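K.L.:
For the sequence shown, our numbering assigns the number 2 to the initial residue and increments by one for each residue that follows.
To be clear, the hints were calculated from the coordinates, so they are not data collected in a lab.
All values derive from a computational prediction rather than experimental measurement.
Among the clues, some could well be false.
[As the list claims (entries may be wrong)] Dumping the calculated PhoX-like pairs for lysine-lysine here, alpha-carbon to alpha-carbon at most 20 Å:
(1) Lys70 x Lys39
(2) Lys56 x Lys6
(3) Lys231 x Lys142
(4) Lys61 x Lys131
(5) Lys273 x Lys218
(6) Lys260 x Lys218
(7) Lys218 x Lys39
(8) Lys273 x Lys221
(9) Lys221 x Lys260
(10) Lys6 x Lys131
(11) Lys231 x Lys221
(12) Lys131 x Lys56
(13) Lys231 x Lys273
[Unchecked claim] Have a look at the derived ranges for each label pair, beta carbon to beta carbon:
(14) Pro108 x Ser65: 16 to 26 Å
(15) Lys131 x Lys273: 35 to 45 Å
(16) Arg316 x Arg88: 25 to 35 Å
(17) Ser28 x Pro108: 22 to 32 Å
(18) Ile248 x Gln18: 37 to 47 Å
(19) Met87 x Arg67: 21 to 31 Å
(20) Val21 x Gly95: 34 to 44 Å
(21) Gly109 x Ala276: 40 to 50 Å
(22) Arg128 x Ile248: 37 to 47 Å
(23) Glu37 x Pro93: 29 to 39 Å
(24) Glu38 x Thr104: 42 to 52 Å
Each residue gets a CB set at the ideal place from its N, CA and C atoms; glycine is no exception.
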Amino acid sequence: MQDLKTIFRHCTRVMEQDGVYTPVRFSDERLRVYREEKPECPYACCPVGMSMEFKTDAEKISFSYRMTKIYYPVIVFDIYENGLFMRAVREPDGSESGTVEYTLQTPGAVVEIFFPIGADVTFFDIRIGKFTTVSHAHEPKLLVLGDSISQGLFGVNPSVSVIPLLARHYGYDYLNLSVGGEVFRPDLVEPELAFAPDRILVELGTNDLVFVQDIHKIRKNIDAFFAELKRRFPDTPVTVVSPFWQIVFAEGTDEMDGKLRTTLLIGEHARKVAAEYGHTALDGMQLIPHEQEFFSDHAHPSDKGFAYLALELIRRLDWR
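All chains should be modelled from the sequences, with the hints used to inform the complete structure.
P.N.:
So, in structure tokens, the structure goes:
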């Protein structure tokens, strides 16, 4: 009997109970920590960057889903055939459950379906015919450590957030451990991570001003984070992107001017320490236009903003 667990990508494991499948990124212990100790980071169970991928002989495929928690009511599944974006299935806003059906345009195609980013999702009644899984063993592996922006929160199409775009361009397999609300901290990466990266992308610093606040403590956390990252992955190339522009900075109030100055200090220190370790460091303030149309709210990119961000990163990086 074919194992449906094998079709899920970009996760560390897949839980199954009574035919209900839940792909996850973290261990039970780390999920407990997020649940009980870090209420500012509620997104640990979101299927960030995850997909199901398979080659099938079926003419029509379907699966049912259930949202165990919805953080914002935009439920979209992006469907690809042989690497081409074919259809975006948008479910009714706030939909807690439903069934997605799709008729293949090309018989025997490789199908990949990306999952919504802003909800906790389980899958059941998966009907994909006789299928084979697709091997990505030959692809280099990218580990992403970030917050809501590299998670892709508040975008619409999950496959158009910045990490899937980068991965498709460079041909990387990836594990995106970004969680909205995260900050620089030395224990960010789990002690026993079941993923051996060939490259690491770090995108942190935006939330530190909100949740840590004290600039001296933030600097110490940045120092400790990079020291531990070097200890854990001594020979792995690292790219660091410092905090991005936020639309509210344009208000020009004393409060926002102060937040902007502190955010710039955080970014400067993160880039400085990253450079001392030999990492590539980019200034996030230069990577997204400072215009509302590139944002979905006061701070998070829209799909247009994510696409622009991916383009700017590609222009500056050589990951081949």
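K.L.:
Of the numbered hints stated previously, which ones are contradicted by the structure, given in increasing order?
P.N.:
15, 17 and 20
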